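Student: Here are the chains, one letter per residue:
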Amino acid sequence: MTHHTQASEFLNARHRWRLWEIALWLLAVAAIFILPSQLLILTEIAILALFAVSLDLILGYAGIVSLGHTAFFGLGAYAAGILARDYVSEPVTGLVFAGLISGLFGLATSFLVLRGSDLTRLMTTFGVAMLLAELGNQATWLTGGADGLSGISMSPILGLFEFDLYGRNGYIYCLAVLIVLTFVARRIVNSPFGLSLMAIKRNPRRAAMLGISPKRRIVAIYSVSAAYAGMAGALLAQTTNFVSPDVLAFHRSADVLLVLVIGGAGYLYGGIFGAIIFTLLRDWLSVATPQYWMFWIGLILVAIVMIGRERLTGWPLLLAARLRGKPAEDAR
Amino acid sequence: MITRRHLIASAAAIAMLSAAAPSMAADTVKIGLILPMTGPFASTGRQVEAGVRAYMALNGDTAGGKKVEIVLRDDAGTADQTRRIAQELIVNDKVSMLMGFGLTPLAMAVAPVISQAKVPAIITSATTSAIMSKSDYFARTSMAGPQSAVPVATWAAKNGLKRVVTLVTDYGPGHDIEKGFTDEFKKDGGEIVEAVRVPLQNPDFAPFLQRVRDAKPDAVFVFVPAGVGSLFMKQFVDRGLADAGIKLIATGDVTDDDLLGAIGDPALGVITGHFYSAAHDSPENKAFVKQVKDTAKIRPNFMAVGGFDAMHLAYAALAKTNGDTDGTKLITAMKGAEWTSPRGPISIDPATRDIVQDIYIRKVEKKDGELYNIEFDTFKKIHDPFVAK
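These protein sequence lines map, in sequence, to chains Z and X. Quick note on numbering: our numbering labels position 48 of the first sequence as 48, and the sequence is numbered without any gaps. Quick note on numbering: our numbering labels position 375 of the second sequence as 375, and the sequence is numbered without any gaps.
Only chain X is shown next, with the shape it has when bound in the complex (with noise of 0.2 Å):
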């Protein structure tokens, strides 16, 4: 006797399926920014959405002659999610541009979809290497790869640091990180003592820093992905590594500006290299800080600046082709695109569509009462270095 039941239970679901129909007006156009806003990764999403509401505050939602629509989509940082929703915001959403992706899988998954579709796709948070090459229609605004490490090699090698560990997440970007930094090094005459990768999941960092601390190096060069930086720094100082004389370098993931309040003095003195910090003096960045501050009460750290830098290679990019949405002339316009970014001077190189930025190193010290990454050195221009080579 359950019939007519069933027949009112899948009613209920038709009816709700076709309630979501799209509108659109022909002036208007769409972008598709697909993040992770639940799970685990939620704080990338957070600032990433953060960085693009500043973007539009400050910069107003027209471009190119057209009215920016942003359609936000959360993918709790599960690939076959991101790809069914990027292709419902190409096929019935009619976006001209998507947006966003926490992580290399998510950034992989839709390859297929908008090489099909022809829609281009900037990356503003995964950094794996191997992503630009799935698709021709693929931008960064992010990092290539390990930009950040090879740099920190260099500023090693130069200050004295001869014997160094590595410790990495034991994932795609850990081990392109772990590559970047030990062949620079090996390069500039250093010594790589031993390589310690950490797992993924439930990091317990304790049992790796005394394998450490065994070796008595003269540094540790750390990379952790983002938001578990604070766990490592406590673990750090507890293990008494500092006291031991052994000194911390990092990609800025370690000290990213989101955590750094949560991590409090231990941190103080760190040396990292990254693309951003929210103490970087100029007028663009002091803008950009105060408008994330005021409208989403964060601090924004270099996930908020990929956002920002993302909507600005999509308004460039719709101001070079008048409003054309077509996803070839919208690709082909982000190429060789240049522009000073919060972060400092960028570009589009017009060859991969990777970004190529500046890498400062760092030192974690207090300004005003709170922890910032102060910038003391810079290398400029840096490619991807596993494909500039």
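Just chain Z, same shape as in the assembly (with noise of 0.2 Å):
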């Protein structure tokens, strides 16, 4: 076998489509019919899900950490926002700009990653979420300052589909969307373009060595998760009628690098997984108990953290191995 076809069955095999995949989109697609009740908190997953692939996508593949990631999503709801309720309120149009905004957003900042060790990054994302949450909060006949932006009022999506107060046709919306843009990051990162990027985030010498640049590339994946990123807010814009000035606020890009940790970086999926469990347990438990909610959240997290290594999927293996009696090493 030549080193070619070796390369290209590589390329293949993690392209092809796994079991478990189908089965999570169509367990999706058919709580539409089997949890009517439940479509508004199925939307908030989609919505999140979509936000920690954007995330994923810089840094589980790029491994660009970033702590302001919320930058994006503000932006893209912002965007969203002020276009539905002064120029053309048809959902999908918004969300295309939303994506075009954040992602020349993201162009233009991303030139602030490229420079430094991971320290700098963290400081240089949080900076600029900084600086666009208080542009966001001052801007007031833009943005409505710290009242938020009301006043949206979207028309049926593609002129079709109106969202109802059940939240039938908001959940099948973001559901769409959320499994397109799934397919299209699928196809990046496991394109030769995505294999590259893993390898700068191995070793970004080496690969510059090797011929990738390092650069290009990242520019290339930091403006695509903005857009990404953008287009979650603007979902999150569109099926709420509203946007309040914490889309902008730290504790978002917090709480999405918490759901690509207990989900897993890396395999895109970790952002759908960690979505679920996440929003599901804060739910549950702020039903349970409404005053001491965040207590067991917080524990439960570090429990998941600790136990769960890297990966949620690793946990049965490891059961499985402490459960024989057997050291758990290749529990990943």
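What the hints contain is simulated information worked out from the structure, not anything from laboratory work. A couple of the hints might just be wrong.
Partial chain Z-side listing against chain X, Cβ under 8 Å, derived [what the hints assert, rightly or not]:
(1) S37
(2) I41
(3) E44
(4) G116
(5) T120
(6) D147
(7) S150
(8) L236
(9) D246
(10) M294
(11) G298
If you're wondering where the values come from, they're calculated on a predicted model, not measured in any experiment. Quick reminder that beta carbons are idealized off the backbone N, C-alpha and C, glycines included.
Starting from two chains that each stand alone, build the complex the way the hints lay out.
Tutor: Laid out in structure tokens, this is it:
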């Protein structure tokens, strides 16, 4: 076998659809019919999942840590909100518009993350998000300031499907966007370009010696990731008809990082599983004990991270190994 | 090799989702109470909940022939959570009314939902003027815009304070209050020497207080959000503004009943204008304060009375409709309601669905070893100054 065929077989194997992936999407679609009363929280999960997938693209594949990823999410939310309030209220147009705006902003700020180590990246991304948050707060004429952006009324999706009170069409819309964008992301990360990103993540200097230019690739993936986050923000603005100034708040950047830690970075679905677990836990605990749920969620998250190592998917293997009394060395 | 495990995870998730199946009975009326019970605004949530529970303890749990049930949910002060919870309460739990909303954006976020679902929502805390116009299904029992600031301006002008610096927190309600105070004070012949705005996040008042001191006014008029008052008072004393002969006048948020004990003696003599004091002298208030102190172990503040009156409004509306839970009928029944609250006589303006109430001018004094805002002057039936004009 030549190296060439070997390489293309490797790529093909990575690219193949796995059974659990298909099952996951089928379940998500089936939820429209079997869980009609839970569509609102499922919508929230879909949006958070898309946001986490966008962070996974830079963190899991290119190794860029960000504490300010919500800058793009918030920018997308405001872009979609303002477009719908003042100009075009059709959601898909708004979605594309928000993706473009956030993507361009990502392109502009990507040059900041090219420099320095992880720590400098944490600080620059954090700083960019803080700047945007303060702009959003001060530009009352445009964003509504601290009161939030209200007065948005969305017209039906593609002129056909109205957002209903039960959140059914809202969920279908968000799920469709999530599926399409995850599919695209899958193509990106399993392409030679995606593999080169992972090489950069492992060792940028070595990758450069192999003829891979880290700078251009990082700029590209950072912009794509920003566009994804912007579209997630747009979904939030469109399904809630409101943009609150806290879309740019620090806790959102922290939440999405946490989601990725729970689900595991570097395989796209980590964000999706993390979003499911994080949102359900939070919802379930906050109903059970409205005053003290933060304590329990904190405890559970610490436990998850301690036991789960890097990936949630490692758990069952780990448990099985423990039960059989064997050391769990390959439990990842 | 992750196939099976992902399936298990997904199945578990689905099971968790379907576990929360709602149950209900026809003779029960559910009221969804959405409050920030965690996060920086948790004290608001605790106070409002205490007020709501106190009302039910004193007045029973039936209204208009139906049993009233409270469904409490935490939104942690995040607007999209508030919106989703409101929608779920309406669609899944079939609540007939919503209540709560700690901050302006949280109330704003539910406006489209309640208009679409035609479910009334009673605001217990958020005060910005602009909220009420966002939906015809809002009613309010907290405060209407800068209601408390305008009487303070009138009082200050009458009592020989000519040159005043305003110091407000830089966000919606702060801007409302600054404008309300400034307009009235200028009309009454006063002079605003300087208008200072302090950032909402991590406030450090020291540099701003220095600016106030340098301007040498007769008094400084202050508004800060609930919970920040004690920090402000401490820095006010540290900077020696009182020694420089600068009087402190404020809205009641600064000498909040909840914080007064923690602020301690520096607060003595501060003049504030507000709608509620735990020391208000009336049988209704005595019963209310006792109930909250007994069950929630806290001294009620203006947030608690907002929750208490929201429950009264809900009960009164149900009594008027004879237990009919149609949203449009309920909100119509709320318009023009009039009663004696622990804070004093109040009513709901039939045109704006906003609260009309007396504003008291109070002075911090020691009573039975504890600090209280003692009322000494009353401005009757104040409307939202921005809407009434």
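Student: Against each hint, give a clear statement of whether it holds in the structure.
Tutor: Status of each hint after checking the structure:
Using the Cβ-Cβ criterion of 8 Å, the hint placing S37 of chain Z at the interface with chain X is satisfied: the shortest such distance is roughly 5 Å. A least Cβ separation of about 7 Å between I41 of chain Z and chain X falls short of the 8 Å threshold, and the interface hint therefore holds. With 8 Å as the threshold, the beta carbon of E44 of chain Z comes within range of chain X, its nearest partner Cβ sitting at about 6 Å, so the hint holds. Because the beta carbon of G116 of chain Z sits about 26 Å from the nearest beta carbon in chain X, more than 8 Å, this interface hint is broken.
Taking 8 Å as the C-beta cut-off, the interface hint given for T120 of chain Z is violated, the closest approach to chain X being about 24 Å. The criterion of a C-beta within 8 Å of any C-beta in chain X is met by D147 of chain Z, whose closest approach is roughly 4 Å, and the hint holds. Interface restraint check for S150 of chain Z: the shortest CB-CB distance to chain X comes to about 5 Å, inside 8 Å, so the restraint holds. Hint on L236 of chain Z holds. Least Cβ distance to chain X is approximately 6 Å, under the 8 Å limit.
Restraint check, D246 of chain Z versus chain X: the minimum CB separation of about 6 Å is within 8 Å; hint holds. Hint on M294 of chain Z holds. Least Cβ distance to chain X is approximately 5 Å, under the 8 Å limit. Of the supplied interface hints, the one on G298 of chain Z is violated, with its beta-carbon coming no nearer than about 11 Å to a beta-carbon of chain X, more than 8 Å.
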